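J.: So you can see what is in the structure, the chains are spelled out below.
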Amino acid sequence: MKKIFIVFILSAALFVSCTELEVTPTSFTTTENLFKTQDDAVASVTAVYASLTLDPGEQTLFGRNLYFLTDMASDYAAAGVSATNPQVRALSSLTHDATSDRVQVAWRQIYAGINRANVAIDNIPKVSGNEVIKTRLINEAKFIRGLLYFQAVRLWGGVPIVLHEPTSIAVESLKSRRATVDEVYTQIIKDLTDAESLPATYGSADLGRATSGAAKSILVKVYLTRKDWPNTILKAREVINGGYGYALFENFADAFERTKENGKEHIFSAQFEPNQAGNGASGNNFPATSFTGFTATEPADIISDVALFYDIYAAGDTRRDASYMKQLFNPATGTLYTFPKPLFKKYIDFSNLNARGNTGVNFPIIRYADVLLSLAEAINESDGATLEAHELVNQIRRRAFAKPISTPDVTVDLVGRTQVQLREAIREERKKEFVQEGQRWFDLVRWGTLVSEVKKVTAKNSVSERNNLFPIPQSERNIDPIGLPQNDGY
Amino acid sequence: MKKILNINSWLFILLLSLSINAQDNKLLIQSKLNGRVVDEVTNEPIIGASVSIKGITHGVVTDIDGKFYFQTGQKFPYTIIISYIGYKKKEVYVDGSPVLVELKPDVQELGELVVVGYGKQSKKDITGSVVSVPKENLSRVTASADNLLRGAVSGVVVTQSSGSPGASSSVRIRGGSSITAGNEPLYVVDGILIYNDNSNASAGVANAGASVNVLSTISPGDIESIEVLKDASATAIYGSRGANGVIIITTKKGTKGQDNISYQGYVGFQKITKKLDLLNASEWASLRNDVQASIGQAPSFSAAQIEELKTSGGYDWQSAAFRTAPVQNHQLSFSGGDERSRYAVSAGFFDQEGIVLGTDFRRISLRANFERNYSENFKFGVNTNYSNSISNGLANRTATSNRNPNALTTLIYQPPVVPIYNADGSYNLSNNPYATAVNNIIPNPINDLENTVNETKIDRILASLFGEYKFNKDLTAKVAVSGDVINTKQNYYAPATTEAGAATKGFASVGNRLVSSVLNENTINYNTRFGDNHKFSALGGYTLQYTQGEVVNAGANTFVNDNNEFNALQDGVPVKPYSDAFESVLKSWLARVNYSYKGKYNLTLSARADGSSRFGSKSLWGYFPSAGFSWNIIDEDFAKNLKGVDDIKLRLSAGTTGNQEIGNYLALSSIGSVNYSFGGTIQTGLAPTRLANPDLKWEKTTQYNAGLDVSFLDRRVNLVFDAYYKKTSDLLISVPVPLISGYASVLQNIGGVENKGIEIGLNTENIKTDGFSWNSNIVFSANKNKVTEIGNGIDQFFPIVPNSTLLQQQPVTVKVGLPLGTFWGYKSDGIFQTQEEVNTQPKINSLANTKVGDRRYVDTNGDGVITATDKVSLGTSQPKFVASFSNTVVYHDFDLNFSFQGSYGGKIFNALKQQLEISTLGTNASTALLDRWTPANPSNEIPRATSSPLGIVTERYVEDASFLRLKTITLGYTLPKGIASKIGTKNIKVYVSAENLFTWTKYTGFDPEVSTFEQNNLYPGIDIGSYPNSKTFLTGINVTF
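Sequences listed follow chains A and B, in order. Using the working numbering, read the first sequence as starting at 122 and increasing by one per residue. Using the working numbering, read the second sequence as starting at 15 and increasing by one per residue.
Bear in mind the hints are in silico, worked out from the structure with no lab data behind them. It should be emphasised that the depicted structure is a prediction, and the values quoted were computed from it without experimental measurement. Just so you know, even glycine gets a beta-carbon here, dropped at the ideal spot from N, CA and C. Heads up, none of these hints are tricks.
Calculated pairs, DSS-like style, for lysine-lysine (alpha carbon to alpha carbon, straight line, at most 30 Å): (1) A:Lys247 with B:Lys632; (2) A:Lys381 with B:Lys519; (3) A:Lys381 with B:Lys590.
Here are a few chain B residues that face chain A, going by a calculated C-beta distance under 7 Å: (4) Asp594; (5) Leu634; (6) Ser691; (7) Ala701; (8) Gly756.
Using the sequences provided together with the hints, build the complete structure.
T.: In structure tokens form, the structure reads like this:
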């Protein structure tokens, strides 16, 4: 009888013997197992780019989240009735504080992208593969890292500089003190200067990657923000004369046309694609939040004051109707629908008005028009209202009024302006040109006019000098109150 | 209960005596003795009683008729000793054959045998807190086994998450001891260890909605007994899975003797318990006018139109969605056994329609239990259960529509002026000026309910095979192998006319999850006595459990028509598919020693070492010891004088248990896929998503228990009292780390939670006369839960609620010093009545346009402005106490069972009410808004009508969820034996029954027993539109042939 039982035991033992406690996952890779091949290196850099456009469960960095800070917390944009998040409404009325979830998410998204870049830069050297490609990939990661630090330093001032992936989970080792503004800019310039050696162009399969022209163009903005006029002028001229082939679209609206993506005016854009997350969700939230359908209900993102920002366009300025829509043809009813207030238009995909949460209109991080206006601003500030500065502004104006861009046109050209007048003109052009493009708050802060301009909008009269920076997120300061002192006024 | 216990003890005696038999000697036959042993009271034969001759080792046991037979070398006369568990030992002087022995039941010795981890123990010797679910509860009519626990045992709180057929419940034994890991108890079904993880019933199909209860796959009619193990002395033998308590379920087994066939069946119907009070058409029209006025727009309805709506009445969307729904259950069982084999097989069928259109649940279950004594020393058996269930859940909306997460809430929000049907009887899919058409369709929630397919099919096989070998009378070894396979298929189809399918012209999704777990348990048992005073037993074992799972799902949209639903994904445009796989291993060593001195002092020591693949490489193994002591005071000399007291027992225990329900692979770093488009083509990128934590280890719960069992008045009053303190440390928490690291959090063993409480079980026999009896059972438990630490110098965090409407409001918090599930919000202070008040008093800073008629909030920190720092605790979802009062009244052939259940002091965040009190232009609202502030009606409670849809957490919406409920009432009639046998049956009982007949509560939502986020610990007690509860009326019959 014992034999039977022993057989029983043995068969049971055989049944379950081959099991170890340390199991190897089969459905995901651990960090230790990545970075073997060049394909791994490419994928790690693709992930760096993805930090611009993808964040499941959250509005994406360039898909709308930065917009709350750089546009809604400026003068022309506001939170409409459909904006249900009190934190969004707080940013719109500039009454936000350090607990603002939007500010925290922006901070998180920026540093998540920086970490991905750090991971790529730290690890790509160890993969086997073509050294040229590897260097290019590292420089692409540095471009994005520089771009993200450039956003961070403008939004919060001196921020912690993190340049390597974490090696421990000990909280102390993950902390880092706020660096000075100068230190951050030194790092940004270093990364972007390295990125200047990126290729000038790519094959069609790689369109959208960072180029040397993109690196130089972002450097233009960096120097402009630092009011380093000589370097701004130097870099801008390299962009314009460097043989990159950049030019303005003849038709302003083409800059936001899906079929014209990565065209001659687009120096670097956040690339959105319908169905990007694969499950119907998308990176670009603007179409859904700028247009709620053919209804009187206000969307979440609206113009704050029609008189101050919509009625200012001169007759014939095509930028008004490319940036805003007061009426829209409703294919369902076959009639023209009139909205109570003009709505933002740049990111609406008219080929797919129904599925507004899932469009593929790119977000232009830097357009050639910005380089031209930046050069004009730098020349005007350093050398005064020169003919060249006038001409740069006039190119923008001619295109806006649908005139030949290089042909002087008395009907739209500015002539003989003083430095003060031209400065004012450049500022007006930027306001009309870059609606919903994440420029306005940066511009107002750079010019030192944030408080005076924003105060003109009644609902935003809570603005004060503190608003020249955003608060360090409270959640971050809870963990490191000493290393992360708060900005003034929060 | 007694019957099965006797059978178990019979088996024990049988084995014992067989081994005695094995030592047979070759004596001369001097005498032959025939005899029979019967119960003195009932005259029923006693099976398995041991009979031996005094002074020699020769012994036999009685057979099925209580008979025994001796051939012995002894000559008459001699004395025989007859003993049997539960009876007083008897010595009989015999001088000839045959002999009839009547045994007297020993009330004290009888002390039921109780199922404990890896064995059974006499109730008298037990040191831990182990409670059996009363038989009355087990016969309760219900769809799911976990409902049998409701109000049955102190310290166990069962909360259903919704009234949906087959929906899940959360079960908490002595409060939740974990913050982020699982808090459900461990289930042991016929020796198979199961963690009731409802995610095993989900293939992750988009929009599949509320999860399906894994336990609903076990037919309640098959359950013989349920034991609840509460303290560490009882649960430490389950080591890393014992911290949340253990529930041992034993299914019905065959018994030796006659074959029985029985049929149990009932039919009935269910009705909605209540509807929400919503505005009617004219009331809504005037609200809309007020909202329009608040944003400077012209009224939408003229006075004449409103008058007209008063007469026409509008449309009642709620009534269109609810129905009276049938429910039926049938179970046919065969059981029996002979000398060596016992069997029980059954087949069950349960079918329930939901009270909301388009929902139902159906289950077919088959069970076969078989056991055979292969030889005197070896027996084996098999327990198998197969079940197949299909449930259709509520139609869900698109993932982004968080204000109304399902079609039920959509219809609640539907303006009452919008028609449900067109004139021709078809669904109205266009005539609704308050919603936006998508692809020319304005979704109609009634159509969504009727036509959305949201189906979960679960096949489950639970099977175990065991062999038990008895080396000698003291030593037994057992090997068991068991398997648990759950195969879930989910199908979803939203037609192009529905909310979820309109934008994409149909949306289909299918998914499959296959989880299988194999368990091998090898135990060895040693029982002995030294002299008369020392009883000793030891258990040792090694077990191994291997679990693996695979998940796949795929979907498509943009279909030409709705004909093929989810069965032809290839006809549409695919969306990104998903697949995943996981495996886990748990190895354990276990040991337990029981020692009892004179039956008075009992000591239990147990320990388990668990090695789990889920933890970090540096801490794979965890060790969980416990000690328990009990003292039968009644046996002391000084207690003999206590008049009327029949039993006093003191129990003390302490020990450590663990929790490993954290999910798989969390100690490892991981890379996730993301994507980005280059050249218009989406490319996959790989990014780190988690940092490795090689130190990740077990959550540890140290528990202390003190218990007192008292019986008096001839055991007509039985009281069980327990007090406990549970401290959980090394809690697994996703600790927030500096975001500059690129990560938001890291899973670490930081943090603590404590639970302390008392439990009372009081069982009384109020009336006991011939033909009339009344028994009552009162169960009371109070638990106090507190978070003691959350690590990294933080004392509060806000869990991320997976619903954007709630996420922004942050209604729940985890804060040191407060219980889990604490609601956090502003205290309100009436309504701003004058502009001066608005100008001078604190306002919410983000609501720049506060006006007269808006709600005023309390500036708790006195800084002159209302900010997040003014939020305070608004109470917790955890009740102060729960109690139940169950009664059985028998009058001749009639019996009446009724049970009240109650809960006191818990809160629910009624987010649906909050949303319904927000006036918007396009959705219906609560009748509370009839009292809204207007200059003519300066309400101090309900704010003015505005178009601003901001929801704010305030005490108005954190409602008292206390309730008292007549949970069940059943009136039964058992046919007199004579009549029953005339029609060829042994027993016939008919009954009528009602469930949830009355509920007394202040809660204004559908039902106070609700938790939209189901088993979750971090944000329990939120109601944002769950499936409502129902009243059930049944009539049934139980027949035994």
